[in-house]
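**Student:** Residues per chain, in single letters:
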Amino acid sequence: MSAIMHFFDVFINSFDVFLNGLWITFQLSVASLIIACIIGLFFALLKISNIKVLVWIADAYIWIVRGTPLIVQIFILFYGLTDIMLIPMFWAGVAGLAFHSGAYIAEIIRGAIQSIDKGQREAGRSLGMSNGLTMRRIILPQAFRRAIPPLGNQFIIGIKDSSLVSFIGMQELFGVASTMGSNSFDYLPYFITVAIYYLFIVLVLTVLVNKLEKKLAESD
Amino acid sequence: MQQGEDMIKVTKLNKSFGDLHVLKDVDLTVKESDVVVLIGASGSGKSTLLRCLNFLEIKNSGKIFLEGEQIEEETHNLNTVRERVGMVFQHFNLFPHKTVLGNVIEAPTQVKGVPKDQAIQEGKELLDKVGLGDKYDVYPSTLSGGQKQRVAIARALAMKPDIMLFDEPTSALDPELVGEVLATMKELAEEGMTMIVVTHEMGFAREVGDKVVYMHDGKIVEYGIPNELFDQPKEERTKAFLSSIL
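Going down the list, the sequences are from chains A and B. Read in order, the letters of the first sequence correspond to residues 9 to 228 in this note's numbering. Read in order, the letters of the second sequence correspond to residues 1155 to 1400 in this note's numbering.
Misleading hints may appear alongside valid ones.
As the list claims (entries may be wrong) - Keeping only pairs whose Cα atoms sit at most 30 Å apart, straight-line, the calculated DSBU-like set for lysine-lysine is:
#1 B:Lys1270 - A:Lys223
#2 A:Lys126 - B:Lys1163
#3 A:Lys126 - B:Lys1388
Since the hints were derived computationally from the structure, they do not count as laboratory data. Owing to the predicted nature of the structure, the values given are computational and were not obtained by experimental measurement.
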């Protein structure tokens, strides 16, 4: 009983500090996932370009990201970037996370684009639309809808992965939990607390994605 | 029969997919306001010929003239060529994320830069014409196959093409919906639209067609006026094909 009471104590008393961490996690996730989507779209378009060297570049990028642990990528980018330029820790973290998620998002978007019936492209082209215009107005809007469930999944992974930038010193959610745990030698309640915050974020995101999916499904 | 200018002229057209030689030295001339019906077994090259005419497939050799002007893939902007050549597909290929009216105004506004108000007005007129005046704002998924195909026709007409290509426009339809699409096409033919139609609807070919072309194995076997070709085919191949389908 007292263990549970103790946990609630910790949960309530650490609220302010965790709220700070939550805000940083939020900023990290939003910034890195927006950039990751841009990177992902870019490399997806390279992959479907049919131009050998561009496909090769995209393949190489995806291979590097998938072939190395995220924590290694974060450290390399952090030390690499801070060596060559003055860059705030926050943006080094964002760079690492975006670089990582971008590869997975590229594969999601590529798959979604290729899943769109080729008749859609032909219809656009037959109306005199250029390749680029057909992609932008006809293919991508449909591909985006189809990509929402896997993208939502990837966003959830991205948010949880943002905990790893605590290792370069960011005091986001997980960083706050580690610091407070080691300061008090009372780890467990802080880690359970941080788990609850992550569960809450993921719950909110899941509801939002489901709503978006329903709204966009209206035309189907 | 109208004797207009040559709308489309094709000489010695060849097209291969890998080792498969699909079109073999095809020659075809379509006069303005003519309705030419392409018939033949599947795999005979009818659809490929149609797709070469609006450059969805790029020929291997031969010449394609549009209104007397030779179109070369390397030098012509194929997008502007395609604006003049409307295409209707077997599977409609409507844009599912756009409303019926959205489908119709997409290309005029995006490609030709027609002001939206004007495109909407013209789009509504076209949809009224194909009998879908009550469907402007619904999404294609709510329509029947026949309605979808009529939207697709309106969508192609919205670009004000000089010629319309129909690639088996009724083959994917339930039998009871074929009539409404053929009626729309007939109306279009009566207005003087130049049309090339790949179809298995022999009644339509006979009634609306000015010329019928029978293709077999990538070649044009016989070419003629519908009643003559259907009633007194000259070639054995044509006879065999007609007896197999009638």
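**Student:** Take the hints in turn and mark each one as holding or not.
**Tutor:** We went through each hint and held it up to the structure:
no.: 1; hint: B:Lys1270 - A:Lys223; verdict: holds, 25 Å
no.: 2; hint: A:Lys126 - B:Lys1163; verdict: holds, 28 Å
no.: 3; hint: A:Lys126 - B:Lys1388; verdict: violated, 39 Å
Checked against the numbered hints given earlier, the structure breaks only hint 3 and satisfies all the rest.
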